[in-house]
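*Asks:* My request is simple: use the sequences and hints to build the entire structure.
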Amino acid sequence: MALLPSEFSELEPLAQRWSLATERERWAERMSSSIDDMQAFYDAVIPEVGDAIAYCDKFPLDEMPEDAVNLLRLIYSFVMVSFAVELWRQPYPPDTLGTKFERISEPLP
Amino acid sequence: MARYPKPAPGSWTEHYPELGTGTVSYEDSISPEWYQLEREAIFKRAWLQVGRVEQIPRTGRYFTKDIAAANTSIIVVRDGDDVRAFHNVCRHRGNKLVWQDFPNEETSGTARQFTCKYHGWRYGLDGACVFAQQEGEFFNLDKADYGLVPVHCDVFAGFIFVNFAEQPAQSLREFLGPMLLGVEEYPFGQMTDRYAFRVECRSNWKVFSDAFMEFYHAPVVHVGQHPSQLRAAITQMGYEAPHYQLDGAHGLVTTAGSLHRVWDMPPENVKPADIATRSGLFGPWDKSDLGELTPGINPGKIDPWGLSSFQFFPNFAILIWEAGWYNTHQFWPTSHNTLVFEGNVYSLPAKSASERVGREMAAVSFKEYSLQDANTLEATQLGLESGVIDQFPLNDQEVLVRNFHRATADWVHTYERELARG
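Respectively, the protein sequence lines represent chains A and B.
Start counting the first sequence at 1; every next residue gets the next number (the numbering used here).
Start counting the second sequence at 1; every next residue gets the next number (the numbering used here).
These are computed hints drawn from the structure, not numbers from a lab.
Bear in mind the structure is a predicted one, so any value in this text is a computation, not a measurement.
Check the hints yourself; a few may be wrong.
Heads up, incomplete: computed chain B residues facing chain A, CB under 7 Å, no partners named [unchecked claim]:
id, residue
1, A196
2, R198
3, V199
4, A273
5, A276
6, S352
7, M361
8, K367
9, E368
10, S370
11, L371
12, Q372
13, N375
Each computed SDA-like pair below joins lysine to any residue, with the alpha-carbon atoms no more than 20 Å apart [said to hold, decoys possible]:
id, chain 1, residue 1, chain 2, residue 2
14, B, K65, A, S105
15, A, K100, B, T334
16, A, K100, A, W27
17, A, K100, B, F366
18, A, K100, B, E378
19, B, K65, A, E102
20, A, K100, B, T338
21, B, K351, A, E63
22, B, K351, A, L108
23, A, K100, B, L371
24, B, K351, A, V49
25, B, K351, A, L61
26, B, K65, A, R103
Ideal Cβ placement from N, Cα and C applies to all residues, glycine included.
*Replies:* What follows is the structure, encoded as structure tokens:
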């Protein structure tokens, strides 16, 4: 069963790994990924982001079908990964390994 | 080279002559003895922000807050229109009254009464003891004498403040003063989309706060947040604020909106993900309409206005952004060289997925730069604790840092004088 709406089937192979419900999971995935992996994910998603956001916008936030929620979570992962790819060229911001900064609550989805 | 006019004496610092312009010591940030004085003089006497009324919207909703600097935990509970605070301690054998799974962690929930996990004593939302297990076994026990110990509690603009003094020297509003009262009409209560962060850090609470009172560090520590081709120019340009203001121990710094107008920049100078999400380091590009704001939000009348960062002495800050959102910082010491930092990003409830995506970008940016701050401040603490240097210069963009250390020392010295008088 596909995780994403059929319009975004080319992103389907990425969804299992990157459609993650919470920032905590997305951050952990970023920290444990190589920059090459994240670059590949970023390159696949960025041409689709505009259409993907527009697709999610068709639904009220509290009535989104599951596949649209998965797509939104994939966009959140794109946001998370963009910092590593566009700025740091490594998973974490340079000179920040001494600190853990936990997001303890967030609006869902 | 000043880009913005300074007050008549020539600098913001000299505009407040009590500050002086000399070098300063950070002995106050490395001394365990000084920290013990701060606990008594400040954290047990000043009004402390502990949360928002939206966290406890209905009767019986409560949260606990552990305040190591005051050596206590409190229960903050809604009872009708009232918000009350009590020390979180059972009157029978001193057990911490409300906790879940971990005695040393905070919790929240809904209750009709608070029941002690140890011997089952129960307390009403007004703190009254309403049940003592096997009451007849006690000796002349009058439950009326065994209510929860109340903590002074008051609400300003939906922010809940407590004060551990037996009798606070000032009401909350007197303590806040006119500059901070100026934010009262901001629609904080409508802005319920909340991203909350927490970090335990190895630095003194003031050393950590210092970095959130000045933007002089921003073009250095945070320059990497910008596309690489801009970095050298951003660092070279440095940072100047168009407006600083002090009101006693409290402070304000305003930034200019021109810095924030990313969408006016050539696209090659903007991160592609920012363009894709219409958001970034300075928050979502599309402004949330909050209606007209009261003048107190931008007391320096800076135009274009970007951000007002209101520093609530001793350990809280509200940053109100032109784009229609706000965030808070809070610095809770846990020892002379450790603290818990709490950060929140608040917006109007998102109406669409695209709004949520913009806020996600803003919230991730907040984490990226706060990580840079937090880690740097551990390094600052290490440097200070070496004791090699005891006097440090501060520039005019660091005027709030200068005032903050002066104010904490004032509070400690006032306390010591009162103690000496007996």
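*Asks:* Taking the hints in turn, state whether each one holds.
*Replies:* Right, here's what the structure says about each hint:
no., hint, verdict
1, A196, "holds (4 Å)"
2, R198, "holds (5 Å)"
3, V199, "holds (5 Å)"
4, A273, "holds (3 Å)"
5, A276, "holds (4 Å)"
6, S352, "holds (5 Å)"
7, M361, "holds (5 Å)"
8, K367, "holds (5 Å)"
9, E368, "holds (5 Å)"
10, S370, "holds (6 Å)"
11, L371, "holds (4 Å)"
12, Q372, "holds (6 Å)"
13, N375, "holds (5 Å)"
14, B/K65 to A/S105, "holds (16 Å)"
15, A/K100 to B/T334, "holds (17 Å)"
16, A/K100 to A/W27, "holds (11 Å)"
17, A/K100 to B/F366, "holds (14 Å)"
18, A/K100 to B/E378, "holds (12 Å)"
19, B/K65 to A/E102, "holds (18 Å)"
20, A/K100 to B/T338, "holds (14 Å)"
21, B/K351 to A/E63, "holds (12 Å)"
22, B/K351 to A/L108, "holds (12 Å)"
23, A/K100 to B/L371, "holds (8 Å)"
24, B/K351 to A/V49, "holds (19 Å)"
25, B/K351 to A/L61, "holds (7 Å)"
26, B/K65 to A/R103, "holds (18 Å)"
Of the hints listed earlier, there is not a single one the structure fails to meet.
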